[in-house]
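Student: Take a look at the letters that make up each chain.
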Amino acid sequence: MSNEIQLKTTINGIEYDLTVPARLLASDFLRDNLNLTGTHVGCEHGICGSCTIKIDGLTARSCLKFAVQLDGKKVETVESFKEKPETRNILEKFKAHHSLQCGFCTPGFLMIIDELLKSKIKFSENEIREALSGNLCRCTGYENIIKAAKEILAHKGIK
Amino acid sequence: MIKSKTKYVGKNVLRFEDERLLNGNGQYTADINFPGMYHVAFLRSEISHGEIISIDLEEAKKLENVYGIFLYDDLKHISPIISKSNMKKYLPTKQHILCKKRIRYLGEPIAVVVAKNRYIAEDAISLINIELKELEPIIDTINASNETKNFVHPSLKTNVILERTFSQGDIKDVNLNELISIKKIFKMGRKTPLAMEPRSYVCDINKRTNELTLYSSTQVPGIIKDAIMTYLGINGNQITVIAPDVGGGFGGKASLYMEELIVVAIANKLQTPIKWVSDRYEDLLTTSQGFEEIIEAELLLNEKGNFISLNSNVYGDIGAYSIYPWTAALEPMQVAGFLQGPYKIKNFYSNVKCITSNKPPTGPYRGVGRPAAVFVIESLVDMAARKINMDPSQLRLKNIIRKNDQPFKIGSGIVWDKVGFEECLKKALSLINYDKIKHTKKWEGIGIATYGELTGIGSKISVAPGMPLNTGSETSILEIDSTGSISATFGIASHGQGLETSLSQVVGDNLGVTPNSIKIKQGNTSLITHGTGTYASRSAALAGGAAIKVSKKARNHILNVASFILNVPKTEIDIEDNLITQKNSNKKLSFPELSRIIYSDMQTLPIKLRKPLIFVESYDPIFGASTTATHIATIKINPETFKIKIKNYVVAEDCGKVINPMIVDGQVQGGVAQGIGAALFEEMKYNENGQLETATLADYLIPNSLDVPEISISHLENFLPNNIGKFKGMGEGGTIGATGAIANAVSDALKHLNIEITELPITPNKLYNLISNKDKK
Numbered sequence: 000m001s002n003e004i005q006l007k008t009t010i011n012g013i014e015y016d017l018t019v020p021a022r023l024l025a026s027d028f029l030r031d032n033l034n035l036t037g038t039h040v041g042c043e044h045g046i047c048g049s050c051t052i053k054i055d056g057l058t059a060r061s062c063l064k065f066a067v068q069l070d071g072k073k074v075e076t077v078e079s080f081k082e083k084p085e086t087r088n089i090l091e092k093f094k095a096h097h098s099l100q101c102g103f104c105t106p107g108f109l110m111i112i113d114e115l116l117k118s119k120i121k122f123s124e125n126e127i128r129e130a131l132s133g134n135l136c137r138c139t140g141y142e143n144i145i146k147a148a149k150e151i152l153a154h155k156g157i158k
Numbered sequence: 000m001i002k003s004k005t006k007y008v009g010k011n012v013l014r015f016e017d018e019r020l021l022n023g024n025g026q027y028t029a030d031i032n033f034p035g036m037y038h039v040a041f042l043r044s045e046i047s048h049g050e051i052i053s054i055d056l057e058e059a060k061k062l063e064n065v066y067g068i069f070l071y072d073d074l075k076h077i078s079p080i081i082s083k084s085n086m087k088k089y090l091p092t093k094q095h096i097l098c099k100k101r102i103r104y105l106g107e108p109i110a111v112v113v114a115k116n117r118y119i120a121e122d123a124i125s126l127i128n129i130e131l132k133e134l135e136p137i138i139d140t141i142n143a144s145n146e147t148k149n150f151v152h153p154s155l156k157t158n159v160i161l162e163r164t165f166s167q168g169d170i171k172d173v174n175l176n177e178l179i180s181i182k183k184i185f186k187m188g189r190k191t192p193l194a195m196e197p198r199s200y201v202c203d204i205n206k207r208t209n210e211l212t213l214y215s216s217t218q219v220p221g222i223i224k225d226a227i228m229t230y231l232g233i234n235g236n237q238i239t240v241i242a243p244d245v246g247g248g249f250g251g252k253a254s255l256y257m258e259e260l261i262v263v264a265i266a267n268k269l270q271t272p273i274k275w276v277s278d279r280y281e282d283l284l285t286t287s288q289g290f291e292e293i294i295e296a297e298l299l300l301n302e303k304g305n306f307i308s309l310n311s312n313v314y315g316d317i318g319a320y321s322i323y324p325w326t327a328a329l330e331p332m333q334v335a336g337f338l339q340g341p342y343k344i345k346n347f348y349s350n351v352k353c354i355t356s357n358k359p360p361t362g363p364y365r366g367v368g369r370p371a372a373v374f375v376i377e378s379l380v381d382m383a384a385r386k387i388n389m390d391p392s393q394l395r396l397k398n399i400i401r402k403n404d405q406p407f408k409i410g411s412g413i414v415w416d417k418v419g420f421e422e423c424l425k426k427a428l429s430l431i432n433y434d435k436i437k438h439t440k441k442w443e444g445i446g447i448a449t450y451g452e453l454t455g456i457g458s459k460i461s462v463a464p465g466m467p468l469n470t471g472s473e474t475s476i477l478e479i480d481s482t483g484s485i486s487a488t489f490g491i492a493s494h495g496q497g498l499e500t501s502l503s504q505v506v507g508d509n510l511g512v513t514p515n516s517i518k519i520k521q522g523n524t525s526l527i528t529h530g531t532g533t534y535a536s537r538s539a540a541l542a543g544g545a546a547i548k549v550s551k552k553a554r555n556h557i558l559n560v561a562s563f564i565l566n567v568p569k570t571e572i573d574i575e576d577n578l579i580t581q582k583n584s585n586k587k588l589s590f591p592e593l594s595r596i597i598y599s600d601m602q603t604l605p606i607k608l609r610k611p612l613i614f615v616e617s618y619d620p621i622f623g624a625s626t627t628a629t630h631i632a633t634i635k636i637n638p639e640t641f642k643i644k645i646k647n648y649v650v651a652e653d654c655g656k657v658i659n660p661m662i663v664d665g666q667v668q669g670g671v672a673q674g675i676g677a678a679l680f681e682e683m684k685y686n687e688n689g690q691l692e693t694a695t696l697a698d699y700l701i702p703n704s705l706d707v708p709e710i711s712i713s714h715l716e717n718f719l720p721n722n723i724g725k726f727k728g729m730g731e732g733g734t735i736g737a738t739g740a741i742a743n744a745v746s747d748a749l750k751h752l753n754i755e756i757t758e759l760p761i762t763p764n765k766l767y768n769l770i771s772n773k774d775k776k
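Chains as they are written, first to last, in numbering that gives the first Met the number 0: chain A, 0 to 158; chain B, 0 to 776.
Treat the hints as calculated values from the structure; they're not laboratory data. Please note: incorrect hints may appear among the correct ones.
Under the rule of at most 30 Å between Cα atoms (straight-line distance), these lysine-lysine pairs were calculated in the DSS-like manner [claimed, not checked]:
#, chain 1, residue 1, chain 2, residue 2
1, A, Lys94, B, Lys656
2, A, Lys146, B, Lys773
3, A, Lys158, B, Lys6
4, B, Lys518, A, Lys149
5, B, Lys206, A, Lys92
6, B, Lys642, A, Lys158
7, B, Lys518, A, Lys92
8, B, Lys582, A, Lys92
9, B, Lys183, B, Lys773
10, B, Lys6, A, Lys146
Bound conformation, chain A alone (with noise of 0.2 Å):
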């Protein structure tokens, strides 16, 4: 079970330059090797969204991924959130919202939020429900995670 595969990839920004088991998740990778535990792993077969990463500016399932798949591209994780103004205000608008209760697939939604923050289409509040509704929360019935989407998302304009 020792197949290992070399892997060059930049996570939050750092490049890596290592060896990982072919079978290793990418989720695993993120959090086992890397120590990056803000990406949770809730289903393990692409369904919950709280393992929702950025790779190459598009969300991704982690848990759907091997690590190797992350080969020569540009991941985002949710510890790159704070330090960015714009991400930064998307942890604001969750707060000020009540965005979140226990926390664990928070990560998910807010990576989704941002990607529809960087898309250049404007959408309508049925439209970021539909964008959300892949990612699944069990503690805040979703209403304040739609209501903090639509003010991050209010300077594009909502349809």
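With chain A's structure known, arrange chain B on it following the hints.
Tutor: Relative to the frame of chain A, chain B by itself:
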């Protein structure tokens, strides 16, 4: 007299938990690692009923980096888990730490592999050869209760491990011929709490002191610590149970789990840290499940609409074991206990059976018993209203227990006191503009549900009937250290409720300091002599009460010391915004100055005023705070797809004094979302072979952002309970009201077809079957 200030209670103080949870610095159990840590994985039963014939570990043991494989015989020094109760006619079950021979549910742990990492542990699991003998699975609840040969626990010679009858009044005195009977059989499907964080446990060992620390995704660290003493014989001063950030619980993390004991036992045996993190499949199979009842119920009323009698038989499917510590009584008994709801009904009869089956144990799940009870009674009320052609809101108002009727003892013995049933109902009706929208079109419906709930209960009432465990008190330790820093410690274990914030608001008001200057410590058994945890809508009422008592005690002492230091009468001193001041003067003391004088300055104060600033108080409300809410939902059914869309949803609720409105509304919204799940989507479906048909999140559906509407919420704060803080519990209510409101709205939408909903969840599939079967008739 200093007037009582509520500078922080009642305000939307933003949560102190949020920064760490948002920026990735939160620490859930699965995020915790230690040098030299081994990982475990479990071999679990792939059948629901059977016997182990043989287990061959040879191949698995040969695998590199596998450090041990444990079977029942290796851990048999751990005595079977027995959940005690002093209820009559209760037959406790024996649950072995791993299957001894008999397998009683799908996913029951058989073997545990210790390895370098989880991948290798799972490789080893796949190399274990196990031979099983299958037995006929006991799945159907009613059949299980009538079974004469096939038992989940053969030594008990029955599957009915607890039975109780509640009875009040005498129906024989009533002329039945004059009464209208509404009689139905209701079914509430089995659920899983489904916290987004799967259960996980890490046990660290300090070899120098031989002390163990269990990090557990639990709601009840105090209960787990006590169980570790009971079952592993490890003294309380050698084990600390810490619930770090916990990713939701909803009851699923409020019981003792075999994996929890095993992780500690193996860490202790191998003298190395051990980690187990459940995957979602394991979590679906083995976390305590919720509800599952069949309820035969009959409401008798007269032509004028007065309720005369409520009779029922409750068949509760509790799964394979009576769960520790709550017992089999927890869920089914509360269905009967709360079945009468908020109504005056003179005659009440309920027989409750708690029935074992080859399914995982049921335990607490948000609402406990009451989501099923509310579904039944509120459906019966709507069915009665249709039968006598009365508006359902009017029928409710006619029978509801009013302010002047209270205290009011219902048939099961529960006493309603200081509950605004009528007021919540009227408020909800006005919120949704009921009179304008009550006449609904085909495929559109409106449904009302009002419920009664007991929260924040004290030592006179058990969370689960007959359970020998004190869940009725909370202790708080308030400390001000040598630097003037304030901390307050509690036995509760917040797992999403924001209790670090709410309790700091309570302490802040009562001590005279800002919430952000207080460190709230919780979820750690080494910091407090006794505590259980967070469950049963208790933490705000009980820990909030302890917080008030301890803060007042501290404040009083500080005023005495400050009076000496400032040389002014105590009555002239105030504490506000962390400053101890003489009113109308510029004499003042900060907390760091106060601490320096008390702890370091050996001259200013006499010795008796130099005692450390440590204050301890316990709070026991003795009884509980009864509460209510009315939920009203409007829905629309798509006649092509049978998808049910919730259009509007209102909640008028009575949670006593609101500590943090933002958090309270969040609890209601989340609770309603789970109630929507219970009503429309969620069911753990075990087929006749005992296999789970909903073993992924693609099959077990919970509501997503398209399914939950915006919820309009109104709080009534004019029915304050007798407890110290005037707080009522409200963590579960959202789920309790939703089942009844949604079921009634769906029935209303189908009135043109004469279809009434008697089974939840009502999925598009079930709706299609109901409608097409009706067409055939």
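Student: Has the given pair, B:Lys6 with A:Lys146, been kept, meaning a C-alpha gap of at most 30 Å?
Tutor: Holds - the C-alpha atoms of A:Lys146 and B:Lys6 are around 27 Å apart, at most 30 Å.
Student: Do the alpha carbons of B:Lys642 and A:Lys158 lie within 30 Å of each other, as the hint requires?
Tutor: 26 Å, holds
Student: Within a Cα-Cα threshold of 30 Å, do A:Lys158 and B:Lys6 meet the stated pairing?
Tutor: 40 Å, violated
Student: Tell me if the straight-line CA distance from B:Lys518 to A:Lys92 falls inside 30 Å.
Tutor: 24 Å, holds
Student: Would you check the hint for B:Lys582 and A:Lys92, treating anything up to 30 Å between C-alpha atoms as holding?
Tutor: Measuring from Cα to Cα gives roughly 40 Å; hence the hint is violated.
Student: With a cut-off of 30 Å on the C-alpha distance, tell me whether B:Lys206 and A:Lys92 pass.
Tutor: 45 Å, violated
Student: Given the proposed pairing of A:Lys94 with B:Lys656, does the C-alpha separation stay at or below 30 Å?
Tutor: 23 Å, holds
Student: Is B:Lys518 within 30 Å of A:Lys149, Cα to Cα?
Tutor: 33 Å, violated
Student: When you check the alpha-carbon spacing of A:Lys146 and B:Lys773, does it fall within 30 Å?
Tutor: 42 Å, violated
Student: Between B:Lys183 and B:Lys773, does the CA-CA distance stay at or below 30 Å?
Tutor: Roughly 17 Å separates the two Cα atoms, so the pair holds.
Figure legend: structure checked against the earlier numbered hints; hints not met, in rising order: 2, 3, 4, 5, 8.
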